[in-house]
Each structure stands twice: as C-alpha cells, then as structure tokens.
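**Student:** What follows is each chain in one-letter form.
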Amino acid sequence: MTAIWMSLAALCLAAPGGTDTVSPPDLEKIDRAIKKEPAYAGEPRYGLLALGPRAQTRVWLVLGKSKSTGDRYDVLYADLNANGDLTEPAERFEGQVEGNDVRFALPDFEDRETGSIHTAFKVRASGDSAPTVMVSLKWRDGFKMGGGYPVDPDDGYLKFADTPASAPVLWANGDGPFRFQLWLDRKLTIGAADHRNDLSFFVGQRGAGASSFWAFQEYVVPEGESLQATLIYHDAQGKEMRQTSLLSERC
Amino acid sequence: MLQHGPVRVPSDARPGKAIVRVEFSRESKYQSLPTDIDVDLIAETK
Numbered sequence: 004m005t006a007i008w009m010s011l012a013a014l015c016l017a018a019p020g021g022t023d024t025v026s027p028p029d030l031e032k033i034d035r036a037i038k039k040e041p042a043y044a045g046e047p048r049y050g051l052l053a054l055g056p057r058a059q060t061r062v063w064l065v066l067g068k069s070k071s072t073g074d075r076y077d078v079l080y081a082d083l084n085a086n087g088d089l090t091e092p093a094e095r096f097e098g099q100v101e102g103n104d105v106r107f108a109l110p111d112f113e114d115r116e117t118g119s120i121h122t123a124f125k126v127r128a129s130g131d132s133a134p135t136v137m138v139s140l141k142w143r144d145g146f147k148m149g150g151g152y153p154v155d156p157d158d159g160y161l162k163f164a165d166t167p168a169s170a171p172v173l174w175a176n177g178d179g180p181f182r183f184q185l186w187l188d189r190k191l192t193i194g195a196a197d198h199r200n201d202l203s204f205f206v207g208q209r210g211a212g213a214s215s216f217w218a219f220q221e222y223v224v225p226e227g228e229s230l231q232a233t234l235i236y237h238d239a240q241g242k243e244m245r246q247t248s249l250l251s252e253r254c
Numbered sequence: 019m020l021q022h023g024p025v026r027v028p029s030d031a032r033p034g035k036a037i038v039r040v041e042f043s044r045e046s047k048y049q050s051l052p053t054d055i056d057v058d059l060i061a062e063t064k
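For the record, the sequence lines run as chains L and B. Per my numbering, residue 4 is the first one in the first sequence, and the count goes up by one each step. Per my numbering, residue 19 is the first one in the second sequence, and the count goes up by one each step.
A portion of the hints provided could be inaccurate.
[To be verified] Below, in silico cross-link-like pairs of lysine-lysine (DSSO-like), each with a Cα-Cα straight-line distance of 27 Å or less:
#1 L:K242 with B:K47
#2 L:K147 with B:K47
#3 B:K47 with L:K141
Rather than coming from a laboratory, the hints here were simulated on the basis of the structure. From a predicted model like this one, the values you see are computed outputs, not experimental measurements.
Isolated chain L (complex conformation):
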C-alpha cells in the first residue's frame, strides 16, 4: 500500500500544469551564519542566494569596497562553492563600472546538490552608498532569470543588508512550481473590463525580505497560454463570489 501511495505522489509531482501541493521552503528560517569572512574595506552589504527546488544550496553574496573611503561598492565576495567561507581568493571579484552601475561577471555556477550548471551569472549594483542590486543567471544555461523585483519600483529594488542576520534571500529556482508577483497597480475598477483592470504578473519565486522576487526575464510561457486569475470578492449583499479571467498577453 505504501508503495502505491508513493507512486501516486510521484505522479502528482510530475503532472504538468495546474497546482502542486508541495510547500515551498521557509526562507525566513534559513541559517544566516557565515563561517568565515574577510576583513572588509567599508561596511559590507549582505545578500543570500538560495538555489534548487528546496533552496538547499546557499551562496552568500557580499558587497564591499576596494577602499574604505570609496563612495561605491566595487568588490563582490561570492561564496561560489557554498561552503560558507568568503576568504577564498577565487571568490573575490572586482566590478566594472558602467555608467552609474558596477557590474560583476561571475563564473558558471555548478550546484553540487543538484548537478545543475547555471551560466551567465551576474550581479549588478547601483553605484551609490546604499546600492540596489540585481542578480541574474541562465537557469541550466536556458532561460534567463533574476531578481529582486519589487511590486512597485517606487518602493525601490532589492537592497542588501548590513548584517547577515537581516540579509534578504533570493530563491533561484527555475524548475517550479512557480508563484506570481503583481507588478504595479492594485486598484481594479468595478464594472470595467478594459485596460483599467489590466494586471501584470511576474512568474517565478518569492524570496525573503523586501523586493526579493526572483522572476523569468524572458518569455517562458508559450504564446497563447494563459494565466488564470480568479477574483474573490463580495457582492452587494456581502456574499463571497468568484470571477475567473484568463491573462494571455505578455510583455
């Protein structure tokens, strides 16, 4: 009997489309301890990239400065072997200044937990004293993904933290199941069925911390395929009602 249930569970996990009952990992509970850190110039900024279906591979990304008096974060410590030791010489990278940004090109990343290799691994930091950060890679050398995204750009993009304990977590997982994040407007006009009620969604994974959504950065949903958006609302009599719309456009 146990074997039958296990087979059914495996079938459910492998079934295409729809929903999945697997719970996402609790990113808030990830251990934020770093085993070994270098002597930083300036105040470091901490972020954590978790990879894989259970977020089991953890790569610390720490922004530092080449000079303690520098006005921009131009050094990145990236724990590419995920051993918690940031003092290894091969894990210190100097960025290239491009306009107002500092860009770091990292080697292909091999996730030793899953055997996957992710390419085009990049980090971009804005060139100011409290930089915003965008991390991106090609998941299994395929679709480009990255984060972190806010709901509203006026709220600001991802910022790394001044301590490991308060570091935001990005969850890089291109295998699904996926979740969604709204982009911009939260207001819907009653009775309208036009552009005023057009909602846009990122497809990807929720992180932990502000502006930490990890999303596909290129078209991954096939043309003609829709997202299902069910409005759960109350009518004039206070009764809960549902109205489903199919969102088939992409940009």
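Put chain B on the given structure of chain L with help from the hints.
**Tutor:** Relative to the frame of chain L, chain B by itself:
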C-alpha cells in the same frame, strides 16, 4: 517577462478589499502554487 491581461470585475462587486488568486491552468506544462494577491476594488468614476 510579465504575463498580463484585464481582470473582469462584475458590476455587483462591493468596493473595498478583494483577492486575485493567480495560477497556471491545468493544461499548462508549468506547475504553480496558487498565489493570493490583495487588490482594492473601486467604484467607477463617471
């Protein structure tokens, strides 16, 4: 990449807080976890 489109709000909806539950359809090759997003329903201004 953003997926988007108009969400229909029936004319009998009461103004105030509501939820949009987003997921891939059962026919999709992708799996999703239904994601509830808070929205505000507002009356149409003439």
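**Student:** For the pair supplied as a hint, K47 of chain B and K141 of chain L, confirm whether the alpha-carbon distance does not exceed 27 Å.
**Tutor:** It holds: about 20 Å lies between the C-alpha atoms, which stays within 27 Å.
**Student:** Check the hint pairing K147 of chain L with K47 of chain B against an upper bound of 27 Å on the C-alpha distance.
**Tutor:** Given pair K147 of chain L, K47 of chain B holds - Cα atoms ~18 Å apart, limit 27 Å.
**Student:** Quick one, are K242 of chain L and K47 of chain B close enough, alpha carbons at most 27 Å?
**Tutor:** Violated, because 34 Å separates the two Cα atoms, which is more than 27 Å.
The structure shown violates just one earlier hint, number 1.
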